[in-house]
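With these hints in hand, go ahead and build the complete structure from the sequences.
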Amino acid sequence: MALAGCWRIALYKNVTRPRVYLRCPVVFGRACPVRPVCSRPAPGFEDTIFALSSGRGRCGVAVVRVSGPDATGAVRALTGLKRALIPRTALLRNITHPASKELLDRGLVLWFPGPHSFTGEDSAEFHIHGGPAVINGVLQALGSLPGLRPAEAGEFTRRAFHAGKLDLTEVEGLGDLIHAETEAQRRQALRQMAGDLGRLYNDWSQHLKHCLAHVEAFIDFSEGELIEDGVLNQVDTAVSKLQVEIQTHLSDERRGERLRSGVHVVIAGSTNAGKSSLFNLLCQRPAAIVSPIAGTTRDVVETPLDIGGFPVLLSDTAGLRETDDSVEREGVQRALKRVEVADLTLVVVDSTQLPQEPRMVPGFLNDYLNNVLPKKMEQGHVQQCLLIINKSDLLPNEHMSIIQRALSDAFTAAAVSILSCSTGAGLTDFLKMLQERVKTMCADPLVGSPSLTQTRHRTNLQKSIEALSQYHKYRDVDLALAAEGLRLGLTCLGRITGKVGTEEILDVIFRDFCIGK
Amino acid sequence: MLQLRRLLSYRSQRASDVAQHKYDVVVVGGGHAGTEAAAAATRVGAETLLVTQKIETIGALSCNPSLGGVGKGQLVKEVDALDGLMGRAGDYAGVHFSILNRSKGPAVWGPRAQLDRGRYREFIQSQLLKMPRLTVIEGSVEDLIVSAADSGKHRVTGVRMADGVGEILAHSVVITTGTFLSGSLFVGRTTSPGGRMGEPPSCAGLSRSLKEVLGLKLGRMRTGTPPRIIKDTIDFSLAKLHLPDPQPTPFSFVNRHTHCKPEDQLPCHLTYTTPGVEKVVRESLHVNSHIQQDTKGPRYCPSIESRVLRFPGRQHQVWLEPEGLTSDLVYPQGMSMTMPPELQLRLLREIPALHRAEIRTPGYGVQYDYVCPMQLFPWLQVKCVQGLFLAGQINGTTGYEEAAAQVQNTSLFTVQQLCGGHVICSRSSVSFQGLWAGVNAGRTALSLPPMSLSRTESYIGVMINDLVSRGVTEPYRMFTSRAEFRTSLRPDNADLRLTLPGFEEVGCVSSQRYSEALRVSRCLSEALIALQSFALSSQHWREKLRHARISEAKSTLISGEEMLQHKEVSFEMLASVFPETFAQYLEFSQRIKIEAVYRPHCENQKREMERIQEEESLTLPPDIDYLSLPVSLSNEVREILDRVRPDTLGAATRLPGVTPAAIVHLLNYVSKTERKTASKRTHTDFT
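Line by line, the protein sequences are chains A and B. All letters in the first sequence, in the order written, are residues 4 to 520 by my numbering. All letters in the second sequence, in the order written, are residues -7 to 679 by my numbering.
Keep in mind that the hints were calculated from the coordinates and are not lab data. The structure presented is a predicted model; accordingly, all values stated were derived computationally and were not measured. Accuracy of the hints is not assured; some may be wrong.
Computed list of lysine to any residue pairs in SDA-like fashion (alpha-carbon distance at most 20 Å, straight line) [unchecked claim]:
hint, chain 1, residue 1, chain 2, residue 2
1, A, 476, B, 560
2, A, 476, B, 542
3, B, 46, B, 158
4, A, 476, B, 540
5, B, 559, A, 473
6, B, 559, A, 478
7, B, 559, A, 475
8, A, 476, B, 95
Label pairs and their in silico Cβ distance ranges [claimed, not checked]:
hint, chain 1, residue 1, chain 2, residue 2, range
9, B, 538, A, 94, 49 to 57 Å
10, B, 524, A, 443, 52 to 60 Å
11, B, 525, A, 85, 26 to 34 Å
Here a beta-carbon is modelled for each residue, glycine too, at the ideal position from N, C-alpha and C.
Below you can see the structure in the form of structure tokens.
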């Protein structure tokens, strides 16, 4: 019992005042003799971490927390503040992306210098608007700063704990929170793992593990054993291929983009179909000039919108027609370009331009679509457009229902919605349809509940690519440092898919090579 | 040699004389682990007794006549940095020195040497026998003397000798029985008890009491050794000549030269197996009982049988290594085998260079008991037995280097344990003061945060951490890939990492070695500071160093350190261009170059290292009953924790399947319990 007691004391002391018990001047492991040896990791040697600290999902205000030695730098980089930061005082600032200078949000910034902060380190909080695009934008911006990385589950608490900031009873209260977090993460991870995304990341991890194992085999066993020289060449190719694959994946990953900058919805169609009326109707203000004169809209008019809670960037474009007016021709060019990059195109048709004979209507609409949409990507694009038959109030009701019937019998390349911008008839149905579309585009079932994981993935993938380039840099100079690059790359991937241990690497070595010594 | 014999008879005593004497430390076994244990215990100031079956086999290399290699070389350097015997013995006995992996970066260089068996033994014996406070006796330990301690634990108080010699009392006992714990030898279909050919079997009693009295979980492992070939019967012209490094590099930080002159070194030879070898293996399977059994064998030091069975149709390397300067034997590395001797000869002769080879002693297999190392603390004390330490192959490792390395740690803690031991004894003298002193001493003896070598600090730390936290399923061998901080734990800086604290905190390093390490450390620091503060424009550098490829684009000043990071720039080059600044450090030019190249990478690793160290510093009580703990833990987690019983929060975090939540709950529970008992205790204090 007494023995048990002494252990508890040990633990208790360690827990409440860990600084005292952390290995005292351990010169052990100090590889470089120059650095002054200190008993505690000086704050400068810790990573700076960040994470969304408020709940996931949409909410009024979201809190993004940053902790670590570079927290000051992060605040300055995102807010452009030059003067001294005032501790524990809320400050309203524009928050911009440090590289692109793009405005992300306007929000409150709080500064908690260490040691009087939750974690005991320099910390900052950004209180921003709770939309996924804003949150993602800010997380993304923080991730792009050197020395910053997304926090691991429970890491703020762990730091607070290590700094002696938290009593264990306080940790108890947080325990459930951490629990919930990891549970959710696991569930989320499982869901992703079942999907293609997980398979893809896992695949990369496997490949990289293989590469690392081969390099390690070459380091540990090539002298005096039969490890073929070609092994390293294979690794070279495999690593380069991986880099390209990850890069491609990062650059054409549209979903993350959509959440950050909004779904691009473009209104297109021939002149005088009522595109600008639809635009004004959707943004509920006369943002675009509406007139009966064909070709009123010349340039692209844009506005950000919230549709069913999802961020949308809506553009109104010039009506498509052949014209001699050079300004209007430029407008048409721009319209077509905009349609090309759109996530969703709303193709507007003037109902009075429809053929008299209802049987002809579906064919007419298909031709119309083909005219509006860019030729090269027809197949893929057709699914991402909605056909809107406008000015339904100008046709007799009976005629409209005949057309409707004809449409439901025949095949059209896009979903059709009939409405009148002037009376508002059919608007509810149309909005429902639009919202449905936008939702599926943002929240893909594969990606699951959204953004944060995405940003974490992105940062880790980015870091992984950087680490892989270290392999090439040192491959011929110092294989130990080259392998270090692969190891780092694998660790970054491992943060997404699960860790890879030394034993697993040795398993690959012994499976692939006959180690005889 | 004559002088040595006299020394032996003088220093070593008859077993009957030492009975009834109480020693601080008794070391059982005179192999590599045993000799290093005894020497280290002596160095830290403990009165030590080494018990071995035969004094003349102390320091014997029972298997391959070589030391070091990739990964293992690091261990030799670290043992030497803590003032162990191995490195200096290697420098004295080496006959073929080479640095493996020379082209792959200094972090993974593998210093290695072929040894002269006789010289190695000679060195170890002469060193041991002149050590103060160390007594060596011949004899066989039959059993441990164990008494019951608190809460179902045991306490070792000495050893019982065979042949009626009696009991020897000790505060601590280090068992280093190698392959002798219930060892059996296999040749063909014959099995005989023993741990090494030609020596009596031993330790049956020990094995039994470890298992039955102390309730330790034992496992069984196997290994083997190749036949020894008579040198004159080998046709070396049919094998590839392999020369040593022209300038041998010593293992030890205190040696400038090896004992063997560069020109006196012996070569090795390399040859390959043929399809005929595979045929003999397959035909002899029915008379080869060792290979038929499924006891865990090493994947990386496999017998030739398992190699050709696992990778058929390939050529396998066979190294022909000299056994010594005067030996007429050759050691065929890679040809460990257990088939009947006549078939061994047939197999060897399938190799062209060995077509008329003769065998002196046949190869054989060994199976032996090991103690599952997860039952040990990181300082290699058996968790449930105070004062009992295990080291070497008994813990499931392979190789001399691994055995010796473990021991450095053991002995340090043996003595720490001792100091605590006195106080624990006085605890029983009912005074509260004594009790509290005992508790604190116990805490020191058990946890010793500054003493347990972290895996961030040394390969020794990596090895012990792997052993005690993950256990072993096959003999554990060191690879550089096991050390995640490999670029910081390099062979060249082992002295900076270990010698200084080894003297300052542990006391196992001699003062001469310490002051030399201090000097080296100081010079390296100065040199690096000089390099960092010496900056020129790229234009200027280009003029001075015409060979270096310096990019034109760089407009800022370039420091000397940055210049050294170029592959083609050496410290000697800088010193020849700027002698007034750098020439004084020429003695360390290689080490300076290495430091300069690795420093940025080591800085990056430091964060991760410190994270691991912090988590390792949070200790968990060894006696928690995880299965009945009133805390919300899943059964899965409970079982894992109960099985592994991690010592620290860090170890628990690394266990697969243990969630962060589980860890928080665990800590919380322990802290609450602590407070309750603490307040109760205070209460009784004052009533």
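field: Hint numbers not upheld by this structure, sorted from lowest to highest
entry: Hints that this structure does not satisfy do not exist here, as all of them hold.
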